[in-house]
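Read off the chains here:
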Amino acid sequence: MSVSRSFVEPNDKITSSQAAIVLNNTMLGAGILTLPRSVSESVKTPDSWISVLVGGIIVMLVVVIMLKLSLRFPGKTVFQYTQTIIGRYPGMVWCLMLILYYVVIAGFEIRAMAEVTLFYLLEGTPIWAITIPFIWLGAYLVLGGINSIARVFQIVFPISLFILIVSYLLSLRLFQIDNLRPVLGDGIYPVIQGLKSTVLVYSGCEVVMTLVAQLEHPKQALKAMLTGISIPVGLYFITIIMVIGGLSVDSAVTSTWPTIDLVRSFEITGFLFERFEFPLLVIWLMQMFCNYCSFFYNSSLGLSQVFNLSYKGVIFALVPVIFIVTMIPKNINEVFELGDSIGYSSILLFLLFPVTLSLIALMRFKGGIQYEKP
Amino acid sequence: MRSLKLVFMLLMVMVVITQSGCWSSNEIEDLAIYAGMALDEGEISTTEREFEEKGGAYSKQNKITATVQIVPLKAGSKGEVMGKTSPYTNITGAGDSILEIFRQFSLRMNKPIIGHHLKIIVISSQLLQHRSIKQITDFMLRDNDIRPSVKIFLSSEKAMQTLTTKTPDEVPSFYINDIVQNQFRTSKIMDPVLMTDLDALMHSKQSFILQNIIRAKKQIEFSGAGIIKGDSGKWIGTLTQEDVECINWLTNAGSSGVIKTKNEQDETMSYEIKEMKTRVRVNRGGDDRLVFQVRIEGKGRISEDWSVEDNPASDAYQTKAEKLFREKLTSMMEHLLSAMQSRYKVDVAMFGEAVRIQKPHIWKEVKANWDDTFSKSRINLNIDLQITEFGSTTK
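Residue numbers (our numbering), protein chains in the order written: chain A, 1 to 374; chain B, 1 to 395.
The set of hints was computed from the structure by calculation and includes no laboratory data.
Any given hint might turn out to be false.
Stated by the list, open to error - Simulated pairs of lysine to any residue, SDA-like, Cα-Cα distance not exceeding 25 Å:
1. B:5 with A:140
2. B:299 with A:54
3. A:330 with B:143
4. B:63 with B:5
5. B:111 with A:120
6. B:158 with B:99
7. B:5 with A:148
8. B:367 with A:177
9. B:367 with A:192
10. B:367 with A:41
11. B:359 with A:120
12. B:364 with A:42
13. A:68 with A:54
14. B:359 with B:231
15. B:367 with A:189
16. B:277 with A:140
17. A:44 with B:364
18. B:134 with A:120
Claimed, not checked - What follows is a list of derived Cβ distance ranges for each label pair:
19. B:31 with A:133: 41 to 51 Å
20. B:31 with A:256: 17 to 27 Å
21. B:106 with A:165: 37 to 47 Å
22. A:166 with B:175: 28 to 38 Å
23. A:316 with B:24: 49 to 59 Å
24. B:219 with A:337: 49 to 59 Å
To be verified - Stretches of chain A that chain B covers, calculated by requiring three or more beta carbons in the stretch to come under 8 Å of a beta carbon on chain B:
25. 177-190
26. 206-214
27. 250-257
28. 264-277
None of these values were measured; they are calculated from a predicted model.
Beta carbons: idealized from backbone N, C-alpha and C, even for Gly.
For reference, chain B alone in the conformation it holds in the complex (with noise of 0.2 Å):
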């Protein structure tokens, strides 16, 4: 009996120590772990041409070109690494399917690409301005390695160009991860829109915008937004800085931000954003037409002012200024507002989520085409800037 026991305890312990561990695992050495991808329109890079020359072709018609970067695990200290070579590598395909082309890079690379740190995906405005976005992340979507949690950016240029910057010793894909936490101290950067968001505004067919960048020298840089049209899918155009800068002031999604405008004598008085709080107010006009009462208040300081004889502890001055701020950012809005409505006839500041809350039985009605009631709608602005402080000087 006891030493069946004993065979019993070496049969479970050889059972333990063979069947441990795990059926499919990958050693992350061993893996090419991209932390972004740039997606333009379908075009095959002098490689690629050469490789087909040598034969090396396959059928497709190249709808699409992929491009993403390969952060590299390399054994060794940190300081090894650094310096010697570039902190990424970039690899691009053509082809008509993402999955493909990315399968595709296996004949190509000595290590299997992973997407489980996708950080960010930056899609070229050309690439949607004749095929919908949501055929174009339909892979991401699907796709179990990537999160949900991935940042969609567009780019007025080319996208793989965005990830070519030349930022010493750091990964172009973090460098425009990381760009977005400065929304603290402007609000021309959007709140980033996840993988899960652009999965909600497709479904719900809602126009949005995308933080565009742009590139010069080696430089990138986040400015204003591509607007997405929602029943197509596709780019239509884009919102200057100020623009996005009002949306998120409407939105509430941004709070900070300088407005700078000058006096009579021409010179520049800036206003720093401490607090800025927006209501909007909807209600059907006699002419059933949707009236918008837009109320912002905001509340900061006069950081910055060049003219010489002014004295800011005075009242009068504070009204005047008060109103030069109100009327700069009434202008803003006014810009964004006529862009929106005359320009390109959409909603992309959430006016339609004012509807949706307040007046659900109206919304039913026009939610099927609301760009265009929502270009047809009136506007009221109501502003209201206080300034609170002056800073640390007096005169």
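Extracted from the complex, chain A is given alone in its bound form (with noise of 0.2 Å):
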């Protein structure tokens, strides 16, 4: 089977544009749903809109050192060139723990997504149920490599931001700018406070240190990787702008999906559909799916890659892994907590780990001579 070791396959290759896809896709999915009841809790204030976007610009920096980093190394993702930077056991340790994350992270997306379809859309259908399918259509997905998923990535985000652009546009309705002022009333401090749980919905961004190396043009990573950023800062702003304008704070606090409460808060009537949850909901689904995919596919590609074992028999072995993750939390108290100790090792994980390799690789390697020339 060709597809066993496509990762050394050269021709496995993604354009820039399928790359801002993908990195896109990676970041936006369950955390749309909560984020403004996250950030509102810690900011307290109408003012969780600058959070997010200082947030995003912290992130966009850090995607630039991952870039520059990986940049060093043509070719070569993290779970490789980790292991030369930092010699082979340390190097492991740490692929290991970056798999680790990913496969939690993919479990945490899937169980995200049942505990909304649960609640909202299929009231009685048993949790594996829903999780099982999906998985395995994630499994699939998954052995046509990264080509295969950057296409079904194409495919779902015009459609999936086309209904969400959708439904904050009938949302307007209910939106009253008193509720987002007043300007940093209360200082600039509510706003430092929120910066750390806006961090924590930018999660994901770490797939960057593997997607370069798949990049068909490598030259153009730079402005793919922000593009891709960007794109997920900006829905974050506008949705935190239209549930805390629509709901105000008060509101957004009190709800476990207040971006759904938007939504759900009014109804049209003669219009294509009356209430806008379900379209919403059901197109989301996809949204975290290709979440899903995404970090399942990089932590099947580290596996394989660290290993050297078979690209198919890591993406099967890890499916009962995912399930497991799955099924960890108890109750949806512990699904966000999971949520949010996900974010904090994200930010242990990504936020220092690059920098501290990228100061080793400049020390080591004096610049990268011996890289650099592709």
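Dock chain to chain to rebuild the complex, using the hints, since each chain is given by itself in its own frame.
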């Protein structure tokens, strides 16, 4: 089978626009449904939109660091070059942490998706009946390699973007600018408080370190990655503005899924749909599926590269592992706690490690002379 | 190899056929959809009393009475259904928890009730006198079927009676839901308070008002508003229709309506508002009280004038009329302000919002007992009403 070792196949490359969409779909998932609550809880003033923007800029800087690091090792993913930089065994340990992180986040996305589906759409369906088909379907997609994944993402993203924007436009009837005022009424401190929880929603940007290796034209990497990250920053920003403007801070913090509640707060008689939460949820399920597939792909790629295993075998071996992770949280609170701890480990693993790795690489390879020539 | 493929294909087809469809679907014909809900003080209805006499009792203290209005889904054409039966069924039960009452309905009905299409909730103000609105609406906020777009109303009488109006071929819940749309005709109708708004208001512990519905001889009327005190969540009193109108003008929520006054000859004059804009500025006064400068600017036309000798086209007439209407509006506003500041000591006209937005540092100090601070503050009215036209007659 040719796909079994697709990561070594030189022709399995993606274009820059595909890479941008893959990065975007990796970040845009369940986070958008809970973001207004989690940020407002820590900010407590209507200034959460500033936190989201500042958080986005910080994450962009981190992405640039990751990108520069990856560009030193053309055609190599983070799982391959980490061992070159910090040695075989420390590198392996770090890659394992990375893989574990990806597996947990993949399981989390599936679980969050199942929770939303069970609560609003398919009450009474057993949870495994929702999660298992998704996990299998994801395995099938991931088997096809990065190219198939990117193409699916290219189909899904415009649809989900369209539905999201339509839902927001329709929710304008609830929008009140006074809900977003005053700007910086309590000074800058609440905004800094909120940064912690905004960085969480950007977890997923770590895939940059594998994506760059798969680019057809690594020269366009910076442009592609920054485009890829600007889309979620923009969408998160619009989400915060619409939800806080439509529901006010007080309502956003008391709601479990504030973004869905915003869409549930109005009815449009005589339009295509009277209630927009159903199209939004159904479409957003696809988005969460993409999210999950991306993490699934990265973890399987990592395992197969670090231990030199067959890519196909790793995928099938990971399917039960992801299912177990999906079922670990006992209730919705534990799901959110898991989401928070993913965010924190994201900060630890990826806001600190790329910097240290870059520094070590700088010192050891003196500007990467050996690797920089393509 | 080929036969294996065929077997595989057949297997796939079978999987698709057997596994598609909804796991836990319910046919819509088999559900009892309720469109309205009324909450009253706990009191057993006659039907229930009879049930209990015959042994149909369970452990409860009757803290609350819940009524739901079920809209029937009948097979057959609309004309067939019309006229023969009443277009709705109400079912009432008393108990301690709304969810339990609803589950108890399942013992009395052939279909399960479902809240996806709930439009309105009417709560009786008697119930809110000794239970906080947070306790009463908790179930509706948590439930996943009931949408946050549900409108909340109060009734100064029995709430369940507002759902039994005699409107031909009309479901009272939809009827009440539609009255809200008349806002463009009169500002005596408040912006509907949705479940989402209620959630925010209760969380911020502000006092607020809910549209009051009264009923006489099987007809209903939207009349004034009930005040819910923020810290206790309980009903403390009612504002009149004109108070509600003034609140709508003050908060820029409504810019329609009529101001009626009389001239020196005691004849009626009516001013129809076309535009209304209010600006509230807040400052700290010398004596540490807050001072609100309220500027109200209105434009409109004279739509009715019963006086015989006046000449509406003259400047003198216009100045005189503008003064008369300004005096009337001032006295209406003063009535509202005295109700808010002296009688009930609550702010339900969003003066707090002005402080929160314009003076965030003051707001931080006063927000904990805002209602007290508000009732001690000074409010200066500055009203300007312009008459832009006189209708299609000049005499």
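Structure-based check of all given hints:
Restraint check for residue 5 of chain B and residue 140 of chain A: satisfied, since their Cα atoms lie roughly 18 Å apart, inside the 25 Å limit. Restraint check for residue 299 of chain B and residue 54 of chain A: the C-alpha separation of about 44 Å exceeds 25 Å, so the hint is violated. For a cut-off of 25 Å, the pair hint linking residue 330 of chain A to residue 143 of chain B stands: about 20 Å separates their Cα positions. The straight-line distance between the Cα atoms of residue 63 of chain B and residue 5 of chain B is roughly 66 Å, outside the 25 Å bound, and the hint therefore fails.
In summary, the hint linking residue 111 of chain B to residue 120 of chain A is supported, as the alpha carbons are separated by about 21 Å, within the 25 Å threshold. For the proposed pair residue 158 of chain B and residue 99 of chain B, the alpha carbon gap of about 21 Å is at most 25 Å, so the pair holds. Between residue 5 of chain B and residue 148 of chain A the CA atoms are separated by roughly 24 Å; this keeps the pair inside 25 Å, and the hint holds. Between residue 367 of chain B and residue 177 of chain A the alpha-carbon distance is near 21 Å, which keeps this suggested pair within the 25 Å criterion.
A distance of roughly 23 Å separates the Cα atoms of residue 367 of chain B and residue 192 of chain A; the hinted pair therefore holds under the 25 Å criterion. The hinted pair formed by residue 367 of chain B and residue 41 of chain A meets the criterion: a straight-line CA distance of about 19 Å does not exceed 25 Å. A threshold of 25 Å between alpha carbons decides the hint, and for residue 359 of chain B with residue 120 of chain A the separation of about 41 Å lies outside it, so the pair is violated. About 17 Å separates the Cα atoms of residue 364 of chain B and residue 42 of chain A, which keeps this hinted pair within 25 Å; it holds.
With a C-alpha separation of about 21 Å, the suggested pairing of residue 68 of chain A with residue 54 of chain A holds against the 25 Å cut-off. The hinted pair formed by residue 359 of chain B and residue 231 of chain B meets the criterion: a straight-line CA distance of about 22 Å does not exceed 25 Å. Using a Cα cut-off of 25 Å, the hinted pair residue 367 of chain B and residue 189 of chain A holds, with the two alpha carbons roughly 20 Å apart. At most 25 Å may separate the alpha-carbon atoms for a hinted pair to count; residue 277 of chain B and residue 140 of chain A exceed this at roughly 61 Å.
Under the criterion of a C-alpha separation no larger than 25 Å, the hint pairing residue 44 of chain A with residue 364 of chain B is consistent with the structure, at around 12 Å. Taking the CA atoms of residue 134 of chain B and residue 120 of chain A, the gap is about 23 Å. The hint holds against a cut of 25 Å. A beta carbon spacing of about 27 Å between residue 31 of chain B and residue 133 of chain A contradicts the range 41 to 51 Å that was offered as a hint. Take residue 31 of chain B and residue 256 of chain A: their Cβ atoms lie about 25 Å apart, and the range 17 to 27 Å holds.
Between residue 106 of chain B and residue 165 of chain A the CB atoms are about 42 Å apart, so this pair conforms to the stated range of 37 to 47 Å. Between residue 166 of chain A and residue 175 of chain B the C-beta distance comes to about 31 Å, which sits within the given range of 28 to 38 Å. Distance hint check: the CB atoms of residue 316 of chain A and residue 24 of chain B are about 30 Å apart, inconsistent with the given range 49 to 59 Å. Hint check: residue 219 of chain B to residue 337 of chain A, Cβ distance near 54 Å, so the stated range 49 to 59 Å holds.
Taking a C-beta to C-beta cut-off of 8 Å, the segment 177-190 of chain A contributes 5 residues in contact with chain B, enough for the three needed, and the coverage statement holds. Counting residues of the segment 206-214 of chain A whose C-beta sits closer than 8 Å to any C-beta of chain B gives 0, which falls short of three, so the coverage hint is violated. Taking a C-beta to C-beta cut-off of 8 Å, the segment 250-257 of chain A contributes 5 residues in contact with chain B, enough for the three needed, and the coverage statement holds. With a cut-off of 8 Å between beta carbons, the segment 264-277 of chain A has 5 residues touching chain B; three or more are needed, and the interface restraint holds.
Violation of the numbered hints given earlier is confined to hints 2, 4, 11, 16, 19, 23 and 26; the remaining hints are satisfied by the structure.
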